[in-house]
Amino acid sequence: MSIPEGDEARRTADAVARRSYGKLVAFLAARTRDVAAAEDALAEAFASALVDWPANGCPKNPEGWLLTVARRKLIDSVRRRQTGETASTQLQILAEGLEDAAAQAERDMQIPDKRLALLFACAHPAIEAGIRAPLMLQVVLGLDGETIASAFLVSPAAMRKRLSRAKEKIQQAGIPFSIPEHEELPQRLDTVLDAIYAAFAEGWTDATGTDTIRRNLTGEALFLARLVVELLPQEAEALGLLALMLHAEARRAARRNVAGEYVPLAEQDPASWNSQMIDEAESVLYRASALGTIGRYQLEAALQSAHVHRRRTGHNNWADVVRFYDALAALTDSPVVAINRALAIAELHGPQAAVDAIKAIAADDRLTEYQPYWAARAELLSKTGAYDEAHQAYEMAIGLEREPTVRAFLQKRQAALPR
Amino acid sequence: MQYLLVLHVNEGGWSQLTPEQQQQGTAAYFAYGEALQKAGAFVGSNRLKPSANSTTVRIANGKTQVLDGPYVDSKEQVGGYYLIDVPDLDSAITWASRCPAASHGVVEVRPVWQMR
Numbered sequence: 062m063s064i065p066e067g068d069e070a071r072r073t074a075d076a077v078a079r080r081s082y083g084k085l086v087a088f089l090a091a092r093t094r095d096v097a098a099a100e101d102a103l104a105e106a107f108a109s110a111l112v113d114w115p116a117n118g119c120p121k122n123p124e125g126w127l128l129t130v131a132r133r134k135l136i137d138s139v140r141r142r143q144t145g146e147t148a149s150t151q152l153q154i155l156a157e158g159l160e161d162a163a164a165q166a167e168r169d170m171q172i173p174d175k176r177l178a179l180l181f182a183c184a185h186p187a188i189e190a191g192i193r194a195p196l197m198l199q200v201v202l203g204l205d206g207e208t209i210a211s212a213f214l215v216s217p218a219a220m221r222k223r224l225s226r227a228k229e230k231i232q233q234a235g236i237p238f239s240i241p242e243h244e245e246l247p248q249r250l251d252t253v254l255d256a257i258y259a260a261f262a263e264g265w266t267d268a269t270g271t272d273t274i275r276r277n278l279t280g281e282a283l284f285l286a287r288l289v290v291e292l293l294p295q296e297a298e299a300l301g302l303l304a305l306m307l308h309a310e311a312r313r314a315a316r317r318n319v320a321g322e323y324v325p326l327a328e329q330d331p332a333s334w335n336s337q338m339i340d341e342a343e344s345v346l347y348r349a350s351a352l353g354t355i356g357r358y359q360l361e362a363a364l365q366s367a368h369v370h371r372r373r374t375g376h377n378n379w380a381d382v383v384r385f386y387d388a389l390a391a392l393t394d395s396p397v398v399a400i401n402r403a404l405a406i407a408e409l410h411g412p413q414a415a416v417d418a419i420k421a422i423a424a425d426d427r428l429t430e431y432q433p434y435w436a437a438r439a440e441l442l443s444k445t446g447a448y449d450e451a452h453q454a455y456e457m458a459i460g461l462e463r464e465p466t467v468r469a470f471l472q473k474r475q476a477a478l479p480r
Numbered sequence: 003m004q005y006l007l008v009l010h011v012n013e014g015g016w017s018q019l020t021p022e023q024q025q026q027g028t029a030a031y032f033a034y035g036e037a038l039q040k041a042g043a044f045v046g047s048n049r050l051k052p053s054a055n056s057t058t059v060r061i062a063n064g065k066t067q068v069l070d071g072p073y074v075d076s077k078e079q080v081g082g083y084y085l086i087d088v089p090d091l092d093s094a095i096t097w098a099s100r101c102p103a104a105s106h107g108v109v110e111v112r113p114v115w116q117m118r
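Top line first, the protein sequences correspond to chains A and B. Reminder that position 329 of the first sequence reads as 390 in the numbering used here, one-by-one numbering, no gaps. Reminder that position 94 of the second sequence reads as 96 in the numbering used here, one-by-one numbering, no gaps.
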């Protein structure tokens, strides 16, 4: 049975989009810095492909085909939009840069990979921090505005507006499409990694894994982290982030029992973790540690690694865990780190020491609406016998939780408190 | 800014729950209200009786027409609301996502027209 040409064309187009979307956008926008125009031209090229390929067969070099068509569309749109001097300068830039490079790209059947430069542009300090992760997901991976809006809990209209404003800023402010120089690199790389981790965290909050948008987001974030590691193999923190995300991802399925109920880390069956991912995480972290520069993501990955080790071997290593958290707390001023550190202290020095530690951060305004703070507080207070306070803290944790299975889990814990 | 979170829920759903589930559901809404209050976002809230208790009134061509039942006849009905005061739409959406109704119905986030 032969496959209908239309299906094959769509499949090829999908595969190219997945593999090369960011590469094509980066290449098309590198000279003009007009990301929105590059995306529009590429969208038109994909649409043409779905008409042309079923009729004439899929080209041997689909990326090259798309690039040629997109480049033509881009030049057309500049001609249409602008007149006079600006247009001729723009056109000259486009003609010189793109045509030579595109011709070469088609000859070599390979498009130069400028995605890393594009990532650095998206996560540039001049771009508002909150929009960096959405921008990367759209520009480098081609996710649509609505998908991104749902994942980040923002209205689609607002997300589209913020994305287009950020793209305009890249062009208008002249944000460079380049990889920062050596001394600047670590700091600039941090913002790239933070944005990738933000995308991962948004995907991670769906514990059920039934929400495909969120689940896909962790996959996309892993894809971006792998990309950075591949293009900057000597950066320890990039490796640290990849290891951290692999460790978390390895436990995704274990967060639910067969009845679909939430299972906290301490009660998960280590046998249900994805050991292949854990092995990869461990070897990536080992590579990072050999590079000899410590950082936030490596420490967090080391913590994950310590948890895995303890659960698998039964060997108690809470002293190490607390030490890692101390180092992390010294690096970041994060209340999240403080909460997790308190939970580790509870294991090492008992719940009262942990309650004291957590009360020291209770004045932080950022925590009023931070669900994990209330859940941790409730857990610790219930262990010290302060049941009334624990009840109140559970009440807050329940009220702030958006995942129904986690909410039910917390309600069960609250109901089990002695009265 | 004030937003009205309108809870659109399947009215038949509640009666199909066991008493324990109903109790757990009520407790979840209670906790949600507590969290809104602690965060200083709460303005007002009410749970509405089933829409079969509704009556609609309209005046057309000088005649008053009174009808039994809800305005829109559909499985999903407004089951309650929360009026909240938060800095912006993003924050209102975050609160909407935490509302228990978001996982068994739909929460509509509607900005309030401020009369001042």
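Think of the hints as simulated: they come from the structure by calculation, not from any bench. Just so you know, these numbers come straight off a predicted model, no measurement behind them. Yeah, the Cβ is synthetic: ideal placement off N, Cα and C, and Gly gets one too. Be careful, since some hints might not be right.
[What the hints assert, rightly or not] Label-pair ranges, simulated between beta-carbon atoms:
no., chain 1, residue 1, chain 2, residue 2, range
1, A, 319, B, 50, 33 to 41 Å
2, B, 55, A, 375, 25 to 33 Å
3, A, 237, B, 25, 53 to 61 Å
4, B, 42, A, 218, 25 to 33 Å
[What the hints assert, rightly or not] Here are some chain A residues pointing at chain B (derived, C-beta under 8 Å):
no., residue
5, 76
6, 80
7, 112
8, 113
9, 472
[Stated by the list, open to error] Below, computed lysine-lysine pairings styled on DSS-like, alpha-carbon distance capped at 25 Å:
no., chain 1, residue 1, chain 2, residue 2
10, B, 77, B, 51
11, B, 40, A, 473
12, A, 473, A, 444
13, A, 420, B, 65
14, A, 444, B, 40
15, A, 420, A, 444
Q: Using the beta carbons of residue 42 (chain B) and residue 218 (chain A), state whether their distance is inside 25 to 33 Å or not.
A: Given a distance of about 27 Å, which is inside 25 to 33 Å, the answer is holds.
**Q.** Range agreement (Cβ of residue 375 (chain A) with Cβ of residue 55 (chain B), hint 25 to 33 Å)
**A.** Check failed, 59 Å falls outside 25 to 33 Å.
Q: Return holds or violated for the Cβ distance of residue 237 (chain A) and residue 25 (chain B) against the range 53 to 61 Å.
A: Once the Cβ atoms are compared, 60 Å apart, the range 53 to 61 Å for residue 25 (chain B) and residue 237 (chain A) holds.
Q. Within a Cα-Cα threshold of 25 Å, do residue 77 (chain B) and residue 51 (chain B) meet the stated pairing?
A. OK: residue 77 (chain B) and residue 51 (chain B) at ~15 Å, within 25 Å.
(Q) A range of 33 to 41 Å was offered for this pair. Does it hold for the Cβ distance of residue 319 (chain A) and residue 50 (chain B)? (A) holds (37 Å)
Q) Measuring from the C-beta of residue 76 (chain A) to each C-beta in chain B, is the shortest one below 8 Å? A) Constraint on residue 76 (chain A) not satisfied, violated at 34 Å.
Q: With a cut-off of 25 Å on the C-alpha distance, tell me whether residue 40 (chain B) and residue 473 (chain A) pass.
A: The hint holds at about 22 Å.
Q: May I ask you to test the interface hint for residue 112 (chain A) with respect to chain B, counting a Cβ-Cβ separation under 8 Å as satisfied?
A: violated (38 Å)
Q: So, residue 80 (chain A) near chain B? Judge it on the closest CB pair being under 8 Å.
A: violated (33 Å)
(Q) Please verify whether residue 420 (chain A) and residue 444 (chain A) have alpha carbons no more than 25 Å apart. (A) holds (15 Å)
Q) Going straight from one Cα to the other, do residue 444 (chain A) and residue 40 (chain B) come out at no more than 25 Å? A) Answer holds: residue 444 (chain A) to residue 40 (chain B) is near 24 Å, not above 25 Å.
Q | Supplied contact hint for residue 113 (chain A), tested at 8 Å Cβ to chain B | A | Violated: closest Cβ of chain B sits about 41 Å from residue 113 (chain A), beyond 8 Å.
Checked against the numbered hints given earlier, the structure breaks hints 2, 5, 6, 7, 8, 13 and satisfies all the rest.
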